[in-house]
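Engineer: Sequence:
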Amino acid sequence: MPRAAGGPLRLEVPAVFLTALLASGSTPSPSPSATTDPTTATLQDAQQSATNAASWVEQNWSTWLAIGLRVLLILVIAGVLRVVVRRAITKLIDRMTRTVQAVDGTALGGLLVNVERRRQRSQAIGSVLRSVASFLIMGTAALMILGTFQINLAPLLASAGVAGVAIGFGARNLVTDFLSGVFMILEDQYGVGDTIDAGVASGEVIEVGLRVTKLRGDNGEIWYVRNGEVKRIGNLSQGWATAGVDVTVRSNEDLDKVKRTLDEVAEAMTKEEPWNERLWGPIEVLGLDSVLLDSMVVRLSAKTMPGKSLSVERELRWRVKRAFDAADIRIVGGPTVPPEEEPVDPSAAVAAPSVLGNPASPQSEATAPIPAPASAPAPSSSPK
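Numbering (our numbering), first residue to last: 1 to 384.
Any given hint might turn out to be false.
[Said to hold, decoys possible] Straight-line alpha carbon distances no greater than 20 Å define the calculated DMTMM-like cross-link-like pairs of lysine to aspartate or glutamate that follow:
id, residue 1, residue 2
1, 321, 289
2, 271, 204
3, 303, 277
4, 257, 325
5, 321, 272
[As the list claims (entries may be wrong)] Across the chosen pairs, the derived CB separations fall in these ranges:
id, residue 1, residue 2, range
6, 83, 42, 32 to 42 Å
7, 71, 305, 23 to 33 Å
8, 264, 291, 17 to 27 Å
9, 65, 139, 52 to 62 Å
10, 282, 318, 17 to 27 Å
If you are wondering where the hints come from, they were derived from the structure by calculation, not from laboratory data.
Note that beta-carbon positions come from the ideal geometry of N, C-alpha and C, so glycine has one too.
Whenever a hint applies, use it, and build me the whole structure from the sequences.
Structural biologist: What follows is the structure in structure tokens.
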């Protein structure tokens with residue numbers, strides 16, 4: 001290390017050594033003061049993660065906002081549509097519950113309307129329609145929301161279709177009962193309080209459901225009839241009923257007298273309460289229904305309130321019997337009167353006494369068998 005006179009000290013490194021040092025690429029080891037602190041590294045990682053998340057949110061916030069607005073719009077439209085449809089159904093049901101005008105311009109049509117029954121039917125129809133509307137609207141909205149989130153609906157719809165077919169085959173009777181109940185209610189085939197003949201059972205309807213109808217039988221029993229099993233229904237409570245009474249009298253009775261007596265009974269019964277309300281028309285004497293050798297049948301008929309025909313028939317028979325007794329008209333108990341026969345002598349069936357019954361009579365002795373002759377006794381030998 002040469003040193004110039006009066007100058008600074010110079011360190012000269014050979015060029016060969018410097019070239020070898022650079023070629024080896026070795027770096028001097030860091031000093032202990034340059035070691036990285038773990039706390040500083042953790043904070044740097046958190047800062048980097050936050051920076052990445054912020055940048056990702058900044059890049060995708062518009063997509064999120066669009067999806068959120070779309071979902072919100074679908075929910076709002078579905079809610080508004082559901083409210084509008086339910087209100088429309090409610091107004092339709094309210095219109096159905098109003099009392100209808102007279103049928104064919106007669107006052108009879110107004111009497112055919114059962115307000116309570118129409119109210120119950122309307123409520124049932126409204127409940128079914130509102131439930132179906134809510135299910136369709138909200139189900140469609142749910143599918144649209146899933147489509148907004150880029151969810152593939154094809155497998156879901158295919159699975160739902162297969163499940164629907166399987167349920168349809170497995171619960172075929174249940175679906176049939178449900179659909180039959182819906183159409184029974186919509187067509188107003190019967191209602192609570194009606195007396196019906198459903199084929200499998202008959203009685204008064206106490207409850208109408210979408211699957212099962214409950215009937216109260218004549219003896220108080222309750223019948224549960226599935227709506228899908230009903231092939232025919234005879235409603236005995238709709239419109240009006242007919243009361244018919246047949247009166248059988250002798251063939252030699254005066255027809256004018258019989259008709260006059262029946263007309264008096266009919267006129268008196270029509271004017272008295274409560275029969276004037278139960279009778280929806282005059283009691284008509286239709287005339288001779290049949291004429292037999294020893295009897296004839298006179299028929300009476302009248303229109304009554306639904307379900308009141310039996311009580312009207314009983315009262316009419318009661319009054320006809322009392323009127324005929326007062327008019328000395330005899331009612332026979334059957335379609336034909338057996339001819340009167342003379343009383344039979346009980347002794348006619350007894351045979352006349354026979355002479356052979358007396359063993360001492362000559363006839364008995366003549367018929368008696370001849371007795372066998374008695375044998376002679378053998379001679380005895382005596383010693384001589």
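Engineer: Where does the structure disagree with the numbered hints, that is, which hint numbers, in rising order?
Structural biologist: 2, 6, 7, 9
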